[in-house]
Amino acid sequence: MRRTVDTYLHLPRRHYFSAIELHAVAIGSIAAAVLIVGYGFNFEPLQTLIPGFPAMRPRTAGFIMALSLSCLLSLRDSQRSRIASSVLAAGVVVYVIYLLVANIDNPEWASARLLAIQGTAISVVLGGVALLIINLAPRYGIVAGVIAMTAAAPALFRIVGLLLFWGAPLERGPLNSMGLHTAFLILWFMTVCILMHPRLAFAHSVRQASLRGRVLRRGLPIIILVPMIASATSLSLSLMFGWASEVLFALNGAISVILGALLIWWLSSLIEVWQKEANEQAARLSRANEALEQYASSAAHDLKAPARHVMLYGELLEEALAKGDTDTAKKHARSIRESAAEMPDMIDGLLDYSRSAFTRITLSEQLLSELVQAGAAQNAADLEVAGASVTVLHEARLRCDSTLMTTVFQNLIANAIKNRRGDKPLAIRIDAVREGDIWKVSVEDNGVGFDPDFAAVAFNPLARGVHTAGEGSGIGLSTCRNIVQSHGGEIRVNPAYRNGARIEFTLPAEAKPAELKDG
Amino acid sequence: MAKLASVLIIDDNPRCLEFMTLAFTAHGGVEVTGEMKPVAALDRIRAEKPDLVVLDVKMPDLDGFGVLALLRGEGNCVPVVMCSGSALQKDVDRAYAGGCSGYVEKPATLEDYRAMAGAIVDYWSRGELPKH
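Chains A and B are the protein sequences, given in the same order. What the first sequence shows, in our numbering, is residues 72 to 590, in sequence order. What the second sequence shows, in our numbering, is residues 4 to 135, in sequence order.
Everything labelled a hint here was simulated from the structure, so no lab data went into it. All values derive from a computational prediction rather than experimental measurement. Any given hint could be a false lead.
List time: in silico BS3-like cross-link candidates among lysine-lysine, alpha-carbon distance up to 25 Å [stated by the list, open to error]:
id : chain 1 : residue 1 : chain 2 : residue 2
1  : B       : K93       : A       : K375
2  : B       : K52       : A       : K375
3  : B       : K40       : A       : K375
4  : A       : K375      : A       : K347
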């Protein structure tokens, strides 16, 4: 199976990830309350909210508590917690399967004769298997996602069915043993503790600023609502008018198709608009890159002149000294000094010119991890070849242009890949620290690092060729500098870092780029 | 054989102008003058009718291509050798398309400067020079 970016991208725990722990505790606590209070004190409302509805069984409450604890353990970073979580989940799975097999002839268990298994038991097994996948094989997260949905969707419909039809409408269905509490807790557990589990990165995909995230955020709630609306409408009408089941089937199908088609139509029109925006951004970036390349060429040409003059005056100086002509020698020495003095001014002038390439920047609040993920995705193939890992140590909300800042991370990650060592896997660590009113962002790797002399000029497009390590930096680092500077920040190579390369840049927390007023 | 008697060097950079003047002067046998302003240089070409023009490419206001186009546009056939800090093929092509007589890259050493000046003077001393 091909690795996705998420398998080598290590993102920091987010506030909504830690919220999953609270959810797991809440689910486990409710199950415990049902078990201890409901059964211990015969407190019926805790076993089932509505009299006449199927109740939550003590054993089910125990299973749900075990799954919640397993989820809590799986959220910890240590290997030991993950193993404990797996053992617990595996224990639940094995025990429930044993119960299913051992009780297959039990009249109580066999009440659902159409399928001699129970919805709750199957859901618990599915939850356990999903947790095992999360702990042991997170790269097959999509399987855990499908499993979670397989358990969550029937639970959701069970809840709606119970409430809508005042009890279990399917006397002999496989779900008919599932109480309201049980269905609710299973739905809750599967959607939050499994689907939103940070190791599966589904929540991250939903929240990310990319096109994918935008489609998921709009599409997912509706795709859940569509069958709900279709089923509820068709079932209500059938009950009201006493329609036969084939009418119910046709009505349900028809409403689903119409709503589904409307959803797709709406999403396609949204994507068209977003695509247009993306194209415009790409065109702007392309223009900016062209301007930079022209700048590099122009700068090389212009800087050659004073360098050549210094050499030529040097020769004239030698000739004058050989003839003993001190006055002429002094004149040429002065010319050397003046020619050399032209260079810094020339460089400054060219820099001002090149910065104009980024006059239109659109500032918005962006999550560091999302920018890094987008930048890493651009290098996905190379990262895979390098067996690299990209870790974001702390989350930060940066005020920046998302397209341009993505380019910065894309270039910095590409630079780390180019300059990786052959003898160990590449590890890229990205961090952001707030200091006063600026963010200090660092990108460090364990590659060959920068030559100290090169470090001083690394961001100059003319520094190509000077760089001997790896494949060279090309225009990438100078592009990074232009972008960072256009945001009002500065970028540099940390010359003291010896374990590889460490590039640091600053961004104002309240960005006021000078270029905005020009654009 | 017509003798190459006068060379006008046009370059906005005084240092480049100095090196070029030194090189042609060192070769000897020709009267070398320089001009830093392209527009003024056009007037001087029309008035002084030099035998050869050495023309810088990159100049503010009016670049070498512009000077060449104006000269050829008014039917002036004076030999023009373009001289630039870089020899990008597209610039060379553009210069020849515009009617230049030669294109050289600015040398990096005094010896090369002298060799270049010598070669240009010797070449244009061989045959009949076009009339203004």
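Exercise. Honestly, which of those hints from before does the structure not fit?
Worked result: Structure breaks hints 2 and 4.
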